[in-house]
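J.: If you read the protein sequences in the order shown, they are chains A and B. Just so you know, our numbering puts 81 at position 86 of the first sequence, and the rest follows in order with no gaps. Just so you know, our numbering puts 215 at position 164 of the second sequence, and the rest follows in order with no gaps.
Heads up, some of the hints might be wrong.
[Claimed, not checked] Cross-link-like lysine to any residue pairs, in silico, SDA-like; alpha carbons within 20 Å at most:
| id | chain 1 | residue 1 | chain 2 | residue 2 |
| --- | --- | --- | --- | --- |
| 1 | A | K389 | B | E218 |
| 2 | A | K322 | A | S310 |
| 3 | B | K381 | A | S310 |
| 4 | B | K423 | A | E35 |
| 5 | B | K161 | B | E80 |
| 6 | A | K389 | B | R385 |
| 7 | A | K111 | A | E35 |
| 8 | B | K381 | A | E35 |
| 9 | A | K401 | B | R385 |
[Stated by the list, open to error] Covered by chain A, per the in silico footprint, the following chain B stretches (three or more residues, Cβ under 8 Å):
| id | stretch |
| --- | --- |
| 10 | 172 to 186 |
| 11 | 312 to 325 |
| 12 | 383 to 390 |
[Said to hold, decoys possible] Taking beta-carbon pairs under 7 Å as the criterion, some of the chain A residues facing chain B (in silico):
| id | residue |
| --- | --- |
| 13 | V198 |
| 14 | R201 |
| 15 | L356 |
| 16 | N357 |
| 17 | K448 |
| 18 | N459 |
| 19 | S492 |
Hints listed in this document are in silico derivations from the structure and should not be mistaken for laboratory results. Where a beta carbon is used, it is the ideal one built from N, C-alpha and C, also for glycine.
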Amino acid sequence: MFSTVTTGAICGIHSFMIQVEVDTAKGLPCFQMVGYLGSEVKEARERVSVALKNAGIKLPPMHITVNLAPADMRKEGNAYDLPIAVGIMKSLGILEQDSTEGMLIIGELGLSGEIKKVKGILPVVRKAREEGIKVCIVPKENEKEAAVIQKIGVIGADHITEVVQYLKEKTKETRIRKELPLFDKGNFPDFKEDFSDINGQSVVKRSVEVAAAGFHHLLLIGPPGAGKTMIAKRIPTILPPLTEEESMEVSTIYSVAGLLSEDMPLITRRPFLNPHHTISVQALAGGGRIPKPGVISLAHRGVLFLDELPEFSRSTIDILRQPLEEKQIYIARNSGTFIYPADCMFVGAMNPCPCGNYPDLNRCNCTPFEVQRYLGHISGPVIDRIDICVETPKLTFHELLGTTEKNESSAKIRERVMAARKIQEKRYAEIGRKFNAELTPGDIRRFCSLGMKEQQFMERIFENMKLSARAYHKILKVARTIADLDGESKIKEIHLSEAVCYRSADQKYFRK
Amino acid sequence: MEKQNTDEQVMYAYWFHNMKLAGNKKMWEISERIGSPGQIYDCDPQRLGQILTDKQLKYLENSKSMWDLEKEWEKLEEKKIRFLPYFHRDYPEYLREIPDPPWGIYLKGKLPDKRAPRAAIVGARQCSEYGRNMAVRLGRILGENGIPVISGMARGIDGISQRETLEAGGESLAVLGCGVDICYPLENRDLYNRLEIQGGILSEYPPGTQPIARNFPPRNRIISGLCDVLIVVEAKEKSGTLITVDMALEQGKEVLALPGRMTDALSRGCNNLIRQGAGILTSPEDVFQFLPGSKEKNAKHSLIDETDTDAAIRTEEERELYRVLDYMPKSLERIWSEYNRDNISMQRLMQMLLELYMRGAVGQAGGSYYKK
Chain A
-4 MFSTVTTGAI CGIHSFMIQV EVDTAKGLPC FQMVGYLGSE VKEARERVSV ALKNAGIKLP
56 PMHITVNLAP ADMRKEGNAY DLPIAVGIMK SLGILEQDST EGMLIIGELG LSGEIKKVKG
116 ILPVVRKARE EGIKVCIVPK ENEKEAAVIQ KIGVIGADHI TEVVQYLKEK TKETRIRKEL
176 PLFDKGNFPD FKEDFSDING QSVVKRSVEV AAAGFHHLLL IGPPGAGKTM IAKRIPTILP
236 PLTEEESMEV STIYSVAGLL SEDMPLITRR PFLNPHHTIS VQALAGGGRI PKPGVISLAH
296 RGVLFLDELP EFSRSTIDIL RQPLEEKQIY IARNSGTFIY PADCMFVGAM NPCPCGNYPD
356 LNRCNCTPFE VQRYLGHISG PVIDRIDICV ETPKLTFHEL LGTTEKNESS AKIRERVMAA
416 RKIQEKRYAE IGRKFNAELT PGDIRRFCSL GMKEQQFMER IFENMKLSAR AYHKILKVAR
476 TIADLDGESK IKEIHLSEAV CYRSADQKYF RK
Chain B
52 MEKQNTDEQV MYAYWFHNMK LAGNKKMWEI SERIGSPGQI YDCDPQRLGQ ILTDKQLKYL
112 ENSKSMWDLE KEWEKLEEKK IRFLPYFHRD YPEYLREIPD PPWGIYLKGK LPDKRAPRAA
172 IVGARQCSEY GRNMAVRLGR ILGENGIPVI SGMARGIDGI SQRETLEAGG ESLAVLGCGV
232 DICYPLENRD LYNRLEIQGG ILSEYPPGTQ PIARNFPPRN RIISGLCDVL IVVEAKEKSG
292 TLITVDMALE QGKEVLALPG RMTDALSRGC NNLIRQGAGI LTSPEDVFQF LPGSKEKNAK
352 HSLIDETDTD AAIRTEEERE LYRVLDYMPK SLERIWSEYN RDNISMQRLM QMLLELYMRG
412 AVGQAGGSYY KK
């Protein structure tokens, strides 16, 4: 008899519905599978037959054919075991033909018949809802993750016998979203870190606030031990909490990467990723034969922090060029092109020279050649994408000892950041942008227009500092953010001069 | 018996010098024992054999067939390089007076006037902002007064002072440790190009010689040899610059050192020199007094001149801010805490500093470091 079961597959972060078609007929006993299958899918044959046997269901000696449609899409992964098993049971008449009506089934089988967790449940369930599916049967471990999607029934199952029982009796209650501790709009997630922990470094703190407000990429330069890493780690605490939509986007990526767990079925705080500098190009960008999302995608809507930037291999840093510009990353493989979102705030930290003591020449012994080689690791195009560049000077003992009470807390800074972001959102609503950092030169002309006085001021700066057009635009974008933080609709001289101070330190580090 | 005229002798000298078969001392020995370059060329191998090893001798003989005297000379002229062997009338008199003078020198551009008193400025490659500032001022003062500046076109003090001298309309000569057709360091390309027109580039090494480390100490004797006064701007306790000082003392030249703070590693070499008896340089007159015929010169600027700056500072607030600054760059953070922290916002401070920077009163070292 012929029967079908619906399941889902992942391509990039998108999901597709797959029909598992099973036919059992008289003839030479065999079990064959077709439909452009990867080797792990082909192995499902053994897992399914043993799992069924151990669940007490014996396969009769028949000619069993399984087809996964559409047949022109390569099937990968371990999630087809359960739908194949259910399809066979339907085909053999163990289950009713209409028992899986409006249902999506997904999961890996162990030889004992247990159901194991799979990756990418979130996008699959969401796609299923769009396709009009009413109930999803998923591995128990993926249940909470699946239940994040509203208005669709989710059943978590531990063992194939549970599935059989359910499909026969349809008694088991479906889990729905409201039972789960889910997205909490009001509460800001707790952080262990807080900006009030940091003494001194007011310039840097201020620049971080500006960067967070306009989603500008940031580069911190300073000697070791000045607090670069400490400050970077606290950036998520001043970013606005994730919106529900953003949370869903981020969770989807984590789901595909298999990083959601029962304890954390939904990502509710902004990601902060600080990969070690030995990270490979593939790990950063996303890699593998079937690419998994890389660190840059996992940092989507959050912060990607690269500490000791020049220690990263040059090719690794160069990978950032395209995603920083386009907010997503394309990975081409022979199995197709995968697009992962990568809209993150890039924060780099580096020493000013290999020994780290420059500009304190009493301690720095680096030759200009060494310094140049060190800085040469970061290519110009990447530096170009960084709007704010700030130096963290060494702390004096006095500053170090100061009490932390006087320091501003993250919550206070966050309020200002959020207010500035609101202004931007309102202003850019019609052009579909969110932040000042995303402005194109055309937008800059429109939204960052200067008054007569300010224009003259910029003209002087432009001539005096020999700015490039790009540097000029960067200054305007950052000045726009500073003005937004001040709640000013017009960019003033004081905003511009602050923005000029955050200009790339190219002058110092790349001059003769 | 001179059978060729000088021009031809120069061609023979170029051949001999280019063979690089012996060091400077050996070349002198050969010409003392054999005679003019023409005579060396025609010399009986047996006689040369007394000075050279068999291998060198063979090499020299072989080279004669590979080296077309006139063609090679034309090639050199095409590159606008002059070769001045010791007997050439344009060979600098200054060099004739030093121990171990170069047998021959290569020159691009021109030498300073034969009788012009000149100074050499040397110092650390990795200089501090203070050193940079002083090198700029010294270079400018000497340039304005028409005193040629000899230096090594290296990174840091050398290049900075030479660039500034040219900027002020003066003349400068760079002595390289590589061939004159090679710009080393490459980042001083602009200076190199300008020196070709407005000054000169000199080397005792044949064109094409790469900048290898062992060539540099010997070239220092030429720098000190070509000057009347050697000025040391910044040097660490163990610095290559001190080699130049030793050479200068050996050659009987005047050495002036720029004092610095005792806590600054980059001034320690200079301070040591002063303790050992070098002259102390605190005003341009200190240089002029050692330059014959330039006593009447007077500098428009002093080394700690701040008249330009004074004009740029307009308000009392700015003056107060300026007082906080130093020649060593200070971070914005420190300026803020040393300045009136409670009464001024960080933003306002940034604005004031930028304004002062644009008026030329303060310098910026990187994004958030400022200096006088």
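J.: Against each hint, give a clear statement of whether it holds in the structure.
T.: The hints, checked one at a time:
Taken as a hint, the K389 of chain A and E218 of chain B pair is broken in the structure, with Cα atoms around 36 Å apart against an allowance of 20 Å. A distance of roughly 19 Å separates the Cα atoms of K322 of chain A and S310 of chain A; the hinted pair therefore holds under the 20 Å criterion. At most 20 Å may separate the alpha-carbon atoms for a hinted pair to count; K381 of chain B and S310 of chain A exceed this at roughly 35 Å. In summary, the hint linking K423 of chain B to E35 of chain A is not supported, as the alpha carbons are separated by about 69 Å, beyond the 20 Å threshold.
Between the alpha carbons of K161 of chain B and E80 of chain B the distance comes to roughly 29 Å, so the proposed pair goes past 20 Å and is violated. With a CA separation close to 10 Å, the supplied pair K389 of chain A and R385 of chain B stays within the 20 Å bound. The suggested pairing of K111 of chain A with E35 of chain A holds, with an alpha-carbon distance near 15 Å, which does not exceed 20 Å. Using a Cα cut-off of 20 Å, the hinted pair K381 of chain B and E35 of chain A is violated, with the two alpha carbons roughly 62 Å apart.
Distance hint between K401 of chain A and R385 of chain B is fulfilled; the C-alpha atoms sit about 18 Å from each other, no more than 20 Å. Check on the stretch 172 to 186 of chain B: 5 of its residues sit with their Cβ under 8 Å from a Cβ of chain A, so the three-residue criterion for coverage holds. Interface restraint, the stretch 312 to 325 of chain B with chain A: holds (4 residues with C-beta to C-beta distance below 8 Å; minimum three). Check result for the stretch 383 to 390 of chain B against chain A: holds, 5 residues qualifying (beta carbon to beta carbon below 8 Å, three or more required).
Interface restraint check: V198 of chain A against chain B, minimum CB-CB distance 5 Å, threshold 7 Å, status holds. Using the Cβ-Cβ criterion of 7 Å, the hint placing R201 of chain A at the interface with chain B is satisfied: the shortest such distance is roughly 6 Å. Checking L356 of chain A against chain B by beta carbon gives a least distance of about 5 Å; that is within 7 Å, so the hint holds. The closest approach between the C-beta of N357 of chain A and any C-beta of chain B is roughly 4 Å, which is under the 7 Å cut-off, so the hint is satisfied.
For K448 of chain A, the interface hint is violated, since its Cβ never comes within 7 Å of a Cβ in chain B; the closest pair sits about 13 Å apart. Taken as an interface hint, N459 of chain A checks out: its beta carbon lies about 5 Å from the nearest beta carbon of chain B, inside 7 Å. At a threshold of 7 Å, the smallest CB-CB gap from S492 of chain A to chain B is about 4 Å, leaving the interface hint in force.
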